[in-house]
Amino acid sequence: MRKIFKKGEKIYIIPTQYGLMYGLGIFVSLTGGAIYNNNLAFVLCFFLVALFLIGMVQTHANIKALSIEKMTLFLSPSDSEGRGMIWLKSSNPEGHNQLRVQCKDNEDVIDTVVDRIHKNSLHPHFFTFKTGDWGLKSVKKIKVSGRYPFGFFYTWRTFDFPVDYAIYPKPEGEQTLQAVDDRGSGEGHRVQLGGHDFSEHKKYIQGDSQKHIDWKAYARGRPLLTKKFDDGHRETLWIDYAQAQGDHRQKMHQLSRWVHQCEAGTVVYGLRLPGQGAPLGSGENHKLYCLQLLAQARGRI
Amino acid sequence: MNPQPNRFFHLSLIFLVALNLLPHWNDHSVPTIVVGGFCLVWRLLYEYQKVRLPNDFVKAVLVMALSYLVYENYGQILGLESGSALLICAVSLKLIDRVDYRDAMVLLFLNFMLLLARFFESQSLGITLFAGFDLVITTALLVQLHNGAQVRFDIWTLLKTGSKLVLQVAPVMVLLFFVFPRFSTGFLSAPSRQGALDGFSNTLEPGSLTRLAQTDQLAFHARFKGEAPALTQRYWRGGVLTENQNMKWLTREFKKNRLRPLAGTSVSSIAYEILVQPVFNDWIFTLDRGVWVEPRHSQWQRRVRQTEGSLFRFTKAPDQKLLYEAQSVLGGSPSLRASQGASLFADQRALYLQTPSEATDPRVRSLVQEVSKGQPTNEEKAQRLMQFYSTQFRYTLSPGRLKTQELAEFLFEKRVGFCEHFAVSFAALMRLADVPSRVVVGFHGGRRNKLSDYYRVSSKDAHAWTEIWSDTQEQWLRFDPTTLVAPLRFELGGEVFHSLTDDQRALAQSEGFLSGYDRGWWQQGFFAADALATQWNLFLLKYDQQGQKDFFAKLGLGNLHPLVLFGVSILVLVLFFLWLRSKNPLFAAGDDSTQRAYLKLQTLLEKKGIQKKSFEGPSDFLIRAQKEDPTRQAPLESFRKNYLATRYGLQKGESLGKILKSIR
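Each protein sequence line maps, in turn, to chains A and B.
If you want this note's numbering, it's the 1-based position in the first sequence plus 122.
If you want this note's numbering, it's the 1-based position in the second sequence plus 327.
The set of hints was computed from the structure by calculation and includes no laboratory data.
There is no bait here: all hints are sound.
Subject to a maximum C-alpha distance of 20 angstroms in a straight line, what follows is the list of computed EDC-like cross-link-like pairs (lysine to aspartate or glutamate):
| hint | chain 1 | residue 1 | chain 2 | residue 2 |
| --- | --- | --- | --- | --- |
| 1 | A | K263 | A | D286 |
| 2 | A | K350 | A | E322 |
| 3 | B | K940 | A | E191 |
| 4 | A | K262 | A | D286 |
| 5 | B | K582 | B | D609 |
| 6 | B | K940 | A | D282 |
| 7 | B | K575 | B | D688 |
| 8 | A | K226 | A | D286 |
| 9 | B | K777 | B | E822 |
| 10 | B | K777 | B | E818 |
| 11 | B | K927 | A | D282 |
| 12 | B | K927 | A | E191 |
| 13 | A | K265 | A | D233 |
| 14 | A | K263 | A | D233 |
| 15 | B | K491 | A | E216 |
| 16 | B | K575 | B | E733 |
| 17 | B | K876 | B | E652 |
| 18 | B | K583 | B | E621 |
| 19 | B | K552 | B | E621 |
| 20 | B | K988 | B | E964 |
| 21 | A | K226 | A | D201 |
| 22 | A | K192 | B | E943 |
| 23 | B | K777 | B | E554 |
| 24 | A | K226 | A | D282 |
| 25 | B | K940 | A | D286 |
| 26 | A | K349 | A | D330 |
| 27 | B | K939 | A | D282 |
| 28 | A | K192 | B | D947 |
| 29 | B | K583 | B | E570 |
| 30 | B | K939 | A | D286 |
| 31 | A | K259 | A | D201 |
| 32 | B | K648 | B | D543 |
| 33 | A | K333 | A | E322 |
| 34 | B | K582 | B | D674 |
| 35 | B | K939 | A | E191 |
| 36 | B | K487 | A | E216 |
Partial chain A-side listing against chain B, Cβ under 7 angstroms, derived:
| hint | residue |
| --- | --- |
| 37 | Y140 |
| 38 | M143 |
| 39 | S151 |
| 40 | A172 |
Owing to the predicted nature of the structure, the values given are computational and were not obtained by experimental measurement.
Yeah, the Cβ is synthetic: ideal placement off N, Cα and C, and Gly gets one too.
Could you put together the complete structure from these sequences and hints?
Encoded structure:
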């Protein structure tokens, strides 16, 4: 293993299995040239040697002069696909190619390939990743690696770049949300979520009811949209931890589902968790706030 | 997570494999080449969704069948030729398999090996130029493969990317070529190849040499160390045929002896070097009469043998072009006679007088009696017979077949022939006249290339003549009846003569025709290409251990120890590595120094009680720091401005390190 230090920057580089195979090719051509007095075999051997060196320098250079400016991991559901964004800055006059970005600090598998970063530029890269269990999480180190341009060498460096993020419980559960009197009487009555008259479209978000997706609009080429219904008056609903049934995990998944259902409907909703909660509200930000609370609830309840 | 090759890459790979199979086209057995072409077409059709790839069973059957075919064709699996054939089969079969990243890398690697295998078969200028192009494409494809999904099949992009890399590699490759110490292992022999030029064998019958002369293949190049002998003297001996079966002659397998050291230097000896093509099996050609042969490379020096008839042979056929030096003694000389034994023993006399039967045809008998009338010497008999050939015979490359293969049919009915007809009939008649004789095959002439000072001898110069034993001079003398039948062929040389039409031959009798012919632009171009190819071959063959010593001696660096050269090679590599690094500004200082300076400042300010808050950017933090520590307001503001300019404005600001010191 070769370790190159440059002013505190540690870049590691080792030959890959193909690099070793290529090394074997160098040996074969050198031996062939010597045995058969074949000068063209020598030429090929020296060509391969020089290419090997170029490969080493360029693979190393491909990962140098690179910094991570920012990484955001968006609020995402557990056990499904999460989304994130990383901003990579190149101070490299050649740019970078085929960089692999990995974080392995927890069960969430962040592993993405950045095809190309242009020279001296700030490159935003959107990626998805597989999420694990829900809760508040963080990554401490980001590993950037590459094999460009020949695949003879594998080089990597690790950035200490702490990023906090939240994974909320995946919306699951078939329980029906019962309305609780806002004045606190404790008398409950069933409320049909959603209304009867079309009110507006909103962008489809995972967890929205499929019944409310506007398929006709989708067939016309528009993105996936969820229809919002309004029957003329806005009802208020409290999503209460106490209402959900089952064990703690089942309850949290159910609450997540109710948040999505409420947001898909036209109701104004609030969230009540033991020791904390969200006031009544609606809209995308309100939904994200509620989901964030659910993610934070891990270990607290 | 490896980049996966896409369809464009697969198309490029098909192109590369096809390119690499091309130069092997002539050198391998038909099944190997057919399989290569078949797999290429299959893959191409698959890429255009016309066929499916074969299943594992079919592939397994193909692998076994091909291994068997290679063994059948080459008699082995691990030899160089069979190995090369197997490599072709492996590359071809891999094409009709799934090709992911791993397979693509293996295929590209095998392409390098295919090229290496090609070098073991030929080091010609054409192959060198081909290799240059091939390496451009292969290296470009290596890069393309690692470019991921951006790959497009675009020959110009491939050429541009590959050329850039090859040009980067070329200087160090050339330097290493010259300085890397050459050594000869000697423990492994060079491979041998069977496949002589059609025409030279142990049998000579009417038509054998005609077929050879009708082709246009290079035989060898010769350069004389000193004045070249005249065209009439340039007889290149290759084989001697001793057994007469009417118009057909055979050779006997003579004992091969180790080469005896040359006894003294004859004043009339002539020295020359020959660059011979690997198409003559174990034959070694020398100017009539060869006395010494010394190949350039030591392992071939050990393989030279001398045999009956002043001939030389290798113990095994060379596979590559070979360079050897030789010495000959033109005409008779005492030293030559001494070296050849100077007398014909009884058993040898019987051998060289053997005839299939007594002459039954009265015309032949009459001719022999005419020649033997009186008590002439062997030379006088030969001279009389030469007169017989000076009239009534016609020289042609298309004499037609003899019906009976009898001597009389040719001598008195057909009377049309090529050199072999005249040589074998002359030798047969000499034996009937009780003169020991033999037929010699080889070449006559050779065309001088003024641009390289080499004589080019080609298949069109193939020739057969006769030697008779002179009892008075006690040596073999050359008699060539064809010189009387077709004198123009010996004035122009076989290559020019056979290239001319009948009308041109009529004109060729005029003086100055040959010099005018050579001045033609197409001939000049031909000479230039031939000179270039010859010089390249000689350079490659001569740059061995001795050649390297000579090269450094010319530079005034004689007696360099191989270890010194090895050290220089390593130094070249280290310098190349450093050059690559210095060429890349990444390795110059300062890539992340801006950020490091900022982080140092952050630590410094923390020690002074000014903590950066998590929501603050560098600019906000430093503005607040100025307010909290007004004594450092100026350097902090200077740091802030320069930091922003360097990091975000991509400009070169004032050294942050210096400002940092002033803040401290």
